[in-house]
Amino acid sequence: MSDHPFALAAPRGAVSQAPSGPEYIVDRGFRALAWFAAALILVLVAYIVWKIGGQAMPAIRDYHLDFLTGSSWNVQEKRFGILPAIWGTLYSSLLALTLGGFFGLTVAIFLTQGFLPARLAFLFRLIVEMLAAIPSVVFGLWGIFVVIPAIRPAANWLNETLGFIPFFGTSLSGPGLLPAAIVLAIMVLPTVAAISQDALNAVPYRTKEAAFGMGATKWEVILKVMVPTAAGGIFSAMVLGFGRALGETMALAMLIGNSNQLTLSLFAPAETLAALLASHFPEAGPVEVEALMYAALVLLAITLLVNIAGIGLLTITQRKISGKA
Amino acid sequence: MGASRRTMIVAAAVGMAVAVAPAAGLAQQSATGSSGPAVAGAGATFPAPLYERWIAAYKAERGAAVTYQSVGSGEGVKRFLAGTVDFGASDEVLSAADAAKVPGGAVAVPVTAGMIVLAYNLPGLGGALKLPRDVYVGIFAGTVTRWDDPRIKAANPDLKLPPRDIALVTRRDSSGTTAAFTRHLAAADPAWRSAGLVAGKMVSWPGRAMLAAGNEGVAARIKMSEGSIGYVEYGFAKRLGLPVAALQNRSGSVVAPSAEAAQLALSARSGQTGELEASVVDPTAANAYPIVSYSWLFLYREPRDAAKGRAARDFVAWGLGQQGQALARELGYVPLTADIVSLGRDALGALSQ
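Heads up: the protein sequence lines correspond to chains A and B, in order.
Residues 1 to 325 in the UniProt record's numbering are what the first sequence spells out, letter by letter.
Residues 1 to 353 in the UniProt record's numbering are what the second sequence spells out, letter by letter.
By construction, these hints were calculated from the structure, which means they are not laboratory data.
Treat the hints with care, since some could be wrong.
[Stated by the list, open to error] Okay, the calculated beta carbon distance ranges per label pair:
#  : chain 1 : residue 1 : chain 2 : residue 2 : range
1  : A       : ALA37     : B       : GLY241    : 30 to 38 Å
2  : B       : GLY127    : A       : LEU120    : 50 to 58 Å
3  : B       : PRO103    : A       : ASP66     : 33 to 41 Å
4  : A       : VAL137    : B       : PRO123    : 20 to 28 Å
5  : A       : PRO286    : B       : ALA154    : 42 to 50 Å
6  : A       : VAL138    : B       : ALA350    : 48 to 56 Å
7  : A       : ALA37     : B       : PRO103    : 29 to 37 Å
8  : B       : ALA286    : A       : ASP66     : 29 to 37 Å
9  : A       : VAL137    : B       : PRO163    : 49 to 57 Å
10 : A       : PHE164    : B       : PRO190    : 29 to 37 Å
11 : B       : PRO190    : A       : VAL287    : 47 to 55 Å
Fair warning: this is a prediction, and the values are worked out from it, not measured in the lab.
Idealized CB from N, CA, C, for every residue including glycine.
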């Protein structure tokens, strides 16, 4: 072998050489490729928005903002309003996030804070993440055949005894907001759990040790040190989960009940924007397609707003936490 | 439970498939019959199970291939007018305005009739539901909203009516079944019009109503929703084992759906195909089932492809014949009376050869 210790890693004469022709080309080529791929994504998004916006233009001109505040969808009379769908989208997603967020965070704490041996925790994590691989239509069928019959007796009991509370104002017949929200919660759970786990794992071990060193109990460490320190990441997990819930289509089209009404009742059928699009598009004539495109644009805008608000809140909370430190 | 659960799964799956598969008819079969060109039709979901049986029997007998896409009456008329099918199908006769849009003209042939039934899902009811005229109109107009409504209780003193909301299931798509049903509701009780509703293929149902696509979609939704009621063609309710309500007719008797009761409704008719529809809106016969609708097939007077036009006409003539009508009875449709069949034959005879 050579006397030089790095002989293998650096072939003779290659260390201080200027980039050769081929290396130069590879570098430039890769740079161009990266730029191209990044630009392509932006162009694609812009193209989708432009295309949908273009098709929605006649409806936007005809209905203006009445479209957002109207509550009837009548093709024959050409009256379109999506307030019930907007309400249903936000209501079901918020319910789902409350449920899914709570359980997702709990799972993340359970799997990262030393409750389980590392191998078992890894296995659990895999199982939770496998939830994300279940097709939406399977969740929908499961909702119809398992969730609805399971919650119906309790829901109807609540309606009979506490029916004066608007949330329990109607009886649960089958598809409705609550079954949809429960299934949706399970669908956002893997997203929330995975990102929250990453956030908790990213907290330096020394922080935890320091807290223990000051005499904090295990729960004080988790709830007063770990979770607040990881709050930024956990929060972005919630925002991503909410985004997923807003756009979920198939399971909701099967479970929400497709009913064009504004309701507070958890047991009443409702409608969401994505379900509206999926169920009306196949049979839509030209005028209805324009209205549906307008609805699609609104859904895009809502998703965008939620993400922007999420990023905004995230930076604020992070600044607060690091400011305190 | 096992069997009923399985049908429920199938029903839900079918309902979903119909709801989701683009009506553009992805299921266009490659039809290569041994004799004659493949004839394609599309339209009403109401008679679709019957047409599928006809197609199978017709193929076995004559070896001729026919395809039918169950896409809803509204879409059926649309495709017929656009000329993308060889025959169209609807539960509502072709309007004069629409017929005028077809170059060379079109004929509408009544080929079968069916009952529109109110199917419901009320476990533990302990008997068959009876609904007076003002009540079933009120339910769909949104003025009767509870199963324990005193008017429903009064008509069904022996039944255990649950203290629950009535979950309405109605059609979302443009539908001939809806048109026939709402024509009857409008004629049966003033509550329909006073609720600001009109008759038509699409209706502004009360906001609480769950919307489903196609007769099969409505039937599947009723099956999975306790406390629900909706309107479907009789055969769809029968296939899913859904109970159906007995309805009060114009002369005041409460009649459960049956082929005999429906034929009584058809027997009062006037002499022209165009007037057939109006004649069954609210039948007057004493024991007639009140909500009956004809189902129509539309043919071009001057088909673009003469051979296909002939093949389509032959198929329709076969359906009007004895075998076709016998199959209708078997599947829960109402066989046409002899004079209406002859009316249909006259219409076919008027086609250019």
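| Checked against the structure, which of the hints given earlier come out wrong? | 1, 7, 8, 9 and 11
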